[in-house]
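Asks: Each chain is listed here by its residues.
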Amino acid sequence: MLGQFIFSTCNRAGLSMTALLRNTARNEDAGAAESEMWVGLNVFHEGVLQYECAEFATVEADGYAEVSARTCPILSDETKEFLLLARCSRGPGDGYFPQEHQVIYESRGDGRTTSLLYDQMPVPGGTPKTNSILLLAPKVWLSTDVDTFITLANVGSYALGRSSGSRWQIDFLGQTGAKIHGVVANLVQNASHVVDVKEALAGRLDLTDELTMLTVVARGETAACAILTFLRNRKSRALALEHSLSPHYYMNGDFVRVRKEAFLFRDGARGGGQ
Amino acid sequence: MKTFWVNAKTVLRPLKRSMEQHLPGRLKVAAPVVQAFLGGEYATRYTLVNFPSLYSPQTAHACVYDVSLHAADGRRVASRTVRIEPFGSMEVKPEDLFGANLPDLGMFTARIRSASRFTFAYKHLGVVTSHFYALYIDQKGSSLALVHPQTLINADRGENMRWQSGYLLDARSIRKLVAIQINPTSRAVDAGLHLFRPGARAESVCAMDGLIPAMGARKVVWDLPACGITEGLFSIAARGLPTNNAKPILLTYFADGSFTGMHA
Chain A
0 MLGQFIFSTC NRAGLSMTAL LRNTARNEDA GAAESEMWVG LNVFHEGVLQ
50 YECAEFATVE ADGYAEVSAR TCPILSDETK EFLLLARCSR GPGDGYFPQE
100 HQVIYESRGD GRTTSLLYDQ MPVPGGTPKT NSILLLAPKV WLSTDVDTFI
150 TLANVGSYAL GRSSGSRWQI DFLGQTGAKI HGVVANLVQN ASHVVDVKEA
200 LAGRLDLTDE LTMLTVVARG ETAACAILTF LRNRKSRALA LEHSLSPHYY
250 MNGDFVRVRK EAFLFRDGAR GGGQ
Chain B
0 MKTFWVNAKT VLRPLKRSME QHLPGRLKVA APVVQAFLGG EYATRYTLVN
50 FPSLYSPQTA HACVYDVSLH AADGRRVASR TVRIEPFGSM EVKPEDLFGA
100 NLPDLGMFTA RIRSASRFTF AYKHLGVVTS HFYALYIDQK GSSLALVHPQ
150 TLINADRGEN MRWQSGYLLD ARSIRKLVAI QINPTSRAVD AGLHLFRPGA
200 RAESVCAMDG LIPAMGARKV VWDLPACGIT EGLFSIAARG LPTNNAKPIL
250 LTYFADGSFT GMHA
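Taken in sequence, the protein lines are chains A and B. Quick note: the first sequence uses numbering that gives the first Met the number 0, first residue 0, plus one each step. Quick note: the second sequence uses numbering that gives the first Met the number 0, first residue 0, plus one each step.
One should not assume that every hint holds.
Straight line, CA to CA, 30 Å or less: simulated DSSO-like cross-link-like pairs of lysine-lysine [unchecked claim]: (1) B:K139 <-> B:K175; (2) B:K27 <-> A:K178; (3) B:K175 <-> B:K92; (4) B:K27 <-> B:K139; (5) A:K178 <-> B:K175; (6) A:K234 <-> A:K178; (7) A:K79 <-> A:K234; (8) B:K175 <-> A:K259; (9) B:K218 <-> A:K234; (10) B:K139 <-> A:K234; (11) B:K92 <-> B:K218; (12) A:K197 <-> B:K8; (13) A:K259 <-> A:K128; (14) B:K139 <-> B:K92; (15) B:K175 <-> A:K234; (16) B:K8 <-> B:K27; (17) A:K234 <-> B:K92; (18) A:K79 <-> A:K128; (19) A:K178 <-> A:K197; (20) A:K259 <-> A:K234; (21) B:K92 <-> A:K197; (22) B:K218 <-> B:K175; (23) B:K92 <-> B:K27; (24) A:K79 <-> A:K259; (25) A:K259 <-> A:K178.
Pulled a few chain A residues facing chain B out of the computed Cβ check, cut under 10 Å [said to hold, decoys possible]: (26) S34; (27) E35; (28) W37; (29) R107; (30) G108; (31) A177; (32) H180; (33) V182; (34) D205; (35) L213; (36) L230; (37) S235; (38) R265.
Because the hints were derived from the structure by calculation, they are not lab data. For each residue, glycine too, the CB sits at the ideal point set by N, CA and C.
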């Protein structure tokens, strides 16, 4: 059985990343994971494969393998963002097996941490096919002290060398629905992209000590993408982290039409302000 | 006669399908979604968003959320209806929406629906489930915890699930662990949580059992040094869950008294 866990660094926010690749039972299957899990690891920067280890770790039942600068020294380069792909296999067959893994981000300098558990994805057969997706992030807060960072770990072809990019439209909406700002970004595949929301909106939003909530909507194409949102209070050093949910979690209709129509969004609601 | 009915069905089926596609109808919605509510020493924020309009921008409409707040004993504190314009969102501050006299602990529920009774928009979205996040902060602003939507009211029962979290918590940096459990069902649930060290000889320590009232919540606090957990990795498990995704919210407290949090 196979699965791939997509995760990334967030050096731009001053955070060090550690992943604990787990080999556990799931819910009612408690006690079922008695087999070892084998892990291969690929690390990309800006679409270029930087590190490859087909036998990175063997994880015993209920154990874990650590991926960090300690076990994968290339990650000690804090000037780059890395996309990491862990290929996990357990037991016979090439079907998908669900398995959650843990990422831990630590603020450099003060040791404050935040952590998140999320699922690995199926391993696509053949050449991965890109498809349009819409990121919905109704969990962005800004204030004079609080920043939000969004990481898009954008997986494309596994071929070696630089892979092509894809055009993404990223819009920042106030609570009235008015578009505060929009940017077009060419996101390289097999790369991690960090959106610093406060920086993107510099000069376009008056911030105070009070938290202001915004929605970020991004449209683009990807083969697979893990999207995380980080909140950080620069003054108190508080950190929070959560992942995005696929639209399948909150609708079940005609996704071909949904994908097509979602891309017709242009300017948000009329009028300014929040 | 039988042939006539078969032929009639064959003729009428595409017509019915076409009418369903082209005539207005209600937005199909799932059961209300629930999130834990923390008051008192905490503040909670919820992020309601008119997401159907973002997925169907050319036929965008206002939407409505029916929201309620329940206390830890299951009592409904208040209910409100909020309207959100196309592409808009609303940061819900419970103290502004429901009034100042709120409980310290409880459960927030939200159910999206279309603002208009009949609409051509959104039929292709299928059944829509409310989608909102919860932010938990402390009154000093020194802590942040962000949690995705948890579960639905009366989702499948999880009383017989032997659930254990995949999280490995590091006792070197955590001094106190707080678990918030909600029960979004119409019956009281006897719930049990315990900590354990992972591995072949996993040993359950610090079990905390309790009854969670219907539509209620409970808060469990572990002082880790008092439990003898001062180093190494540990995790949390449950003897059954109220529903199959009603896993506890965990707040992990650091030595300086601040916390972060996660959906376990």
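Asks: So, for every hint listed, does it hold in this structure?
Replies: Here is how each hint holds up against the structure:
1. Between B:K139 and B:K175 the alpha-carbon distance is near 18 Å, which keeps this suggested pair within the 30 Å criterion.
2. Simply put, B:K27 and A:K178 have alpha-carbon atoms about 28 Å apart, close enough for the 30 Å limit, and the pair holds.
3. Restraint check for B:K175 and B:K92: satisfied, since their Cα atoms lie roughly 27 Å apart, inside the 30 Å limit.
4. Annotation: proposed proximity of B:K27 to B:K139 is violated, straight-line Cα distance about 41 Å (limit 30 Å).
5. The suggested pairing of A:K178 with B:K175 is violated, with an alpha-carbon distance near 42 Å, which exceeds 30 Å.
6. The suggested pairing of A:K234 with A:K178 holds, with an alpha-carbon distance near 29 Å, which does not exceed 30 Å.
7. Straight-line distance between C-alpha atoms of A:K79 and A:K234 comes to about 25 Å, which keeps the hinted pair within the 30 Å bound.
8. With a CA separation close to 48 Å, the supplied pair B:K175 and A:K259 exceeds the 30 Å bound.
9. With a CA separation close to 29 Å, the supplied pair B:K218 and A:K234 stays within the 30 Å bound.
10. The hinted pair formed by B:K139 and A:K234 meets the criterion: a straight-line CA distance of about 11 Å does not exceed 30 Å.
11. Restraint check for B:K92 and B:K218: the C-alpha separation of about 21 Å stays at or below 30 Å, so the hint holds.
12. The straight-line distance between the Cα atoms of A:K197 and B:K8 is roughly 59 Å, outside the 30 Å bound, and the hint therefore fails.
13. For the given pair, A:K259 sits about 17 Å from A:K128 by alpha-carbon distance, which is consistent with the 30 Å threshold.
14. With a C-alpha separation of about 16 Å, the suggested pair B:K139 and B:K92 falls inside the 30 Å cut-off, and the hint holds.
15. With a CA separation close to 23 Å, the supplied pair B:K175 and A:K234 stays within the 30 Å bound.
16. For the given pair, B:K8 sits about 26 Å from B:K27 by alpha-carbon distance, which is consistent with the 30 Å threshold.
17. The hinted pair formed by A:K234 and B:K92 meets the criterion: a straight-line CA distance of about 23 Å does not exceed 30 Å.
18. Pair hint A:K79 plus A:K128 holds up; C-alpha atoms about 27 Å apart against a cutoff of 30 Å.
19. Taking the CA atoms of A:K178 and A:K197, the gap is about 15 Å. The hint holds against a cut of 30 Å.
20. For the suggested pair A:K259 and A:K234, the alpha carbons sit about 42 Å apart, so the restraint of at most 30 Å is broken.
21. Simply put, B:K92 and A:K197 have alpha-carbon atoms about 22 Å apart, close enough for the 30 Å limit, and the pair holds.
22. Taking the CA atoms of B:K218 and B:K175, the gap is about 13 Å. The hint holds against a cut of 30 Å.
23. Taking the CA atoms of B:K92 and B:K27, the gap is near 27 Å; set against the 30 Å cutoff, the hint holds.
24. Of the pairs offered as hints, the one joining A:K79 and A:K259 is violated, with about 34 Å between alpha carbons and a cut-off of 30 Å exceeded.
25. For the hint pairing A:K259 with A:K178, the CA-to-CA distance comes to about 21 Å; that is within 30 Å, so the pair holds.
26. Interface hint status for A:S34: violated, as the beta-carbon distance to the closest one in chain B is roughly 14 Å, over 10 Å.
27. This hint is violated: A:E35 has a C-beta 13 Å from the nearest C-beta of chain B, more than the 10 Å allowed.
28. Restraint check, A:W37 versus chain B: the minimum CB separation of about 18 Å is more than 10 Å; hint violated.
29. At its closest, the beta carbon of A:R107 sits 15 Å from a beta carbon of chain B; the interface hint therefore is violated under the 10 Å criterion.
30. Hint status for A:G108 relative to chain B: violated, with the closest Cβ pair at about 14 Å, above 10 Å.
31. Proximity of A:A177 to chain B holds as hinted, the smallest CB-CB distance being about 8 Å (cut-off 10 Å).
32. The interface hint given for A:H180 is violated, since its Cβ lies 14 Å from the closest Cβ of chain B, which is over the 10 Å cut-off.
33. The criterion of a C-beta within 10 Å of any C-beta in chain B is not met by A:V182, whose closest approach is roughly 17 Å, and the hint is violated.
34. Given hint, A:D205 at the interface with chain B, is violated; its Cβ is 16 Å from that chain's nearest Cβ, farther than 10 Å.
35. Checking A:L213 against chain B: minimum C-beta separation of about 8 Å stays under 10 Å; hint holds.
36. The interface hint given for A:L230 holds, since its Cβ lies 5 Å from the closest Cβ of chain B, which is under the 10 Å cut-off.
37. Taking 10 Å as the C-beta contact cut-off toward chain B, the hint placing A:S235 at the interface holds, the least distance being around 4 Å.
38. Checking A:R265 against chain B by beta carbon gives a least distance of about 7 Å; that is within 10 Å, so the hint holds.
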